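Please arrange chain Z on chain H, whose structure you already have, making use of the hints.
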Amino acid sequence: MNGYGGKILRVNLTTGQITKEPTPAHVAEKFLGGRGFGIYFLYTEVPKGANPLGPENKLIISSGPLSGTLTPGAGKMDFTTKSPLTGGYASASVGGHLTAELKYAGYDSIIVEGISPKPVYLYINDDEVELRDASDLWGKGAITVETELKKRLGEEFQIATIGPAGENLVKYACISHDFGRQAGRGGVGTVMGAKKLKAIAVHGTKDIPIADPQALLRLGTEAYKACKASGGFEAWVRYGTSGVTVWSNEVGAFPVRNFQAGALEDYSGLSGETMRQRIVITDKGCFGCPSPCGKYSFSKKYNIYVEGPEYETTALIGGDCVLTDIEDVAYANWLCDELGIDTISVGNVMAFAIECFEKGIITKEDTGGLELRWGEPKVVFTLIEKIARREGIGDLLAEGVKYASQKLGKGSEEFAIHVKGMEVSGYESHNAPAMLLSYMTCDVGAHHNRSWAITYDLQVGRDLVTPDKAERVIYLQHVRPLFDCLGACRLQWVELSIDLGLYPPILKAITGIDRSWEDLLKISERVWNLTRMYWVREVEGFGREWDYPPPRFYKEPVTYGPTKGKLMSWSDIQKLLDMYYEKRGWDKNGIPTPEKLAELGLADIVK
Amino acid sequence: MAVFLHADSTKCSGCKACLVACSLAKFGVNNPKKARLAIIPKFPAPGVFEVKTCTNCGTCAEVCPVGAVKVNEKGAYYIDPNECIACMACVKECPEQVIFTHPDYPVPFECDLCGACVEVCGPGVLWIE
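Chain order of the listed sequences is H and Z. Numbered by my numbering, the letters in the first sequence go through residues 1 to 607 in order. Numbered by my numbering, the letters in the second sequence go through residues 1 to 129 in order.
The shape of chain H in the complex, shown without the other chains (with noise of 0.2 Å):
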């Protein structure tokens, strides 16, 4: 099958059985590759109300049909698992290159089902797949672990791995990659520590069958002249995701203090530039990737490298947390690497916990005599590192900040920012109705990758509760996470607006198979729609309040920065959700019709 590995490898980790099975066609049909694998063998294979740590969950990783081609920035992989940290459906997807390689190896996908008796990983050399022991790699960071696997098995592996609080199941640890890489939300890397799957080292050297390789030379080469020649080039290669920090803080994105402002009252400290000149010292981009976003860094001050920070981290643990110093944000970020914790997640959860801690919900008594306060470092790195051990009021707070919120209770829950379950990323939402309803509506829970609408808010106004706004919304959640189906980065097209219409001819001359955008955002549709259906299937109940922000948002204006006074009324929120619902062809509890189902063939899956 030309664009394929052409196999998916199962592996049981109960039993150890290894077995390798053709990619079938039907699927990669329907659902391309990436994601798209993921929700069809979650929702056909995993029983409905699997245990999400138990032995019939199953940790399913995919490449797609762009990965590892000449294609800018085909170095996608995602994992798709149930989640531990929502209950719902959990994706997250790394760059680096580990799709690529899976795919050199001859595999699209490997599904990792069961539960390991003893800590192993995955040996995968082109065909020799074997669990090997990991005994000794147990209990060490994710840093760590990807340096002595490389010199054990050669520079020519690529290595995933969980660090200590994926064994812990901290409930948002991430799986590590490439030195600063992660498959970083809802959760997955708690699977592989639930599984005892240490890690997975892959090395292929095989071709991947290509439709017409004179083609693919040729349209791969424009492509990637068209990024060189973006205006937007030069700056996006020179800060990365760093570059967002000013313009958020000048708009009034970016979370402070438990999302209670929009601004630091003195963010230079954090900017790209102060970024860029005290600590960065390698661009380091993910395979096949001409505008290298990954900034790697150097900090003197604590003698760590670090990959970042990204704007994402700088947000949650600089903004969130206000540590205002870019060298503290990085040690966090590199203890957080090396922990094997999603920054985000933990990022939102420590804020949170300040704030219980301001309020007298959490005392020292509880903190075992540590003083949670904004803008502490030394509170910061105590923090990540409780919750990665499970210390204290790490335990707590390793379960995520809607668990901790309900136990605590004392009113906590309406500070606690989080969607579904999943803890709210770097956009500060009272005043972005497109950017609230893309959290709200998101099929992981409160992330930005699916639908990054602040800047439609920002373009059109952003008091405007509007239909457009849904629309816009519904358009992204196709078109960003179709890139997560082909096994691409987005990046190419967000950042240096390169030409969505150079995509498909690349796809036919990899494929052989002729899709329009139009047939390719359909099958984006579809997998939409059975990752909501996923929601419906596993947790009782689901429906339209499930969809709704943190009280935060509709209940407390923005204390400080450009946006300062506003927030969203419950009767927007409730407008915003018509508009969506319609406009997806949902009924008003937000649940796919069967009409709908039926229309993107989906009726003979969900029965």
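Treat the hints loosely; a few may be bogus.
[What the hints assert, rightly or not] Below are the EDC-like pairs computed for lysine to aspartate or glutamate, each with C-alpha atoms no more than 20 Å apart in a straight line:
1) H:Lys150 to Z:Glu50
2) H:Lys300 to H:Asp325
3) H:Lys206 to Z:Glu119
4) H:Lys359 to H:Glu371
5) Z:Lys11 to H:Glu273
6) H:Lys225 to Z:Asp104
7) Z:Lys42 to H:Glu156
8) H:Lys228 to Z:Asp8
9) Z:Lys42 to H:Glu148
10) Z:Lys52 to H:Glu273
It is worth saying that the hints were derived from the structure and are not from the lab. This structure is a prediction, so every number in the text was calculated from the model and none was measured.
Chain Z in isolation, oriented as in the chain H frame:
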């Protein structure tokens, strides 16, 4: 001085697009493991990439026992697969370690200055002069 493929390693971000373009241009396959230049990542420390390219020094031609290393119209040394006896002397002696092998091919291969890699490199690491 001979024309050759230059690389400024300090600009490399390790994306390997050059390697894929090379394999497509020279072998008609999508496989960076069949490329004629190399990127060596050095992480977590010192956190840099080293790019290895052919400097057209001619050692390969000097050590080839059967005269299978020839010079093309661009002035680049190349291995004629019809004459190569796969003794691997050039692979061993290459001072830059940029003569490559792959299990799919009986004989080694090296850069012939086609320039496909230069065209796709985003940060401008590579140039021929």
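Status of the hints after comparison with the structure:
no. : hint                 : in the structure
1   : H:Lys150 to Z:Glu50  : holds (17 Å)
2   : H:Lys300 to H:Asp325 : holds (13 Å)
3   : H:Lys206 to Z:Glu119 : violated (24 Å)
4   : H:Lys359 to H:Glu371 : holds (12 Å)
5   : Z:Lys11 to H:Glu273  : holds (18 Å)
6   : H:Lys225 to Z:Asp104 : violated (31 Å)
7   : Z:Lys42 to H:Glu156  : holds (12 Å)
8   : H:Lys228 to Z:Asp8   : holds (17 Å)
9   : Z:Lys42 to H:Glu148  : holds (14 Å)
10  : Z:Lys52 to H:Glu273  : violated (31 Å)
The structure fails to meet hints 3, 6, 10 from the earlier list, while all remaining hints are met.
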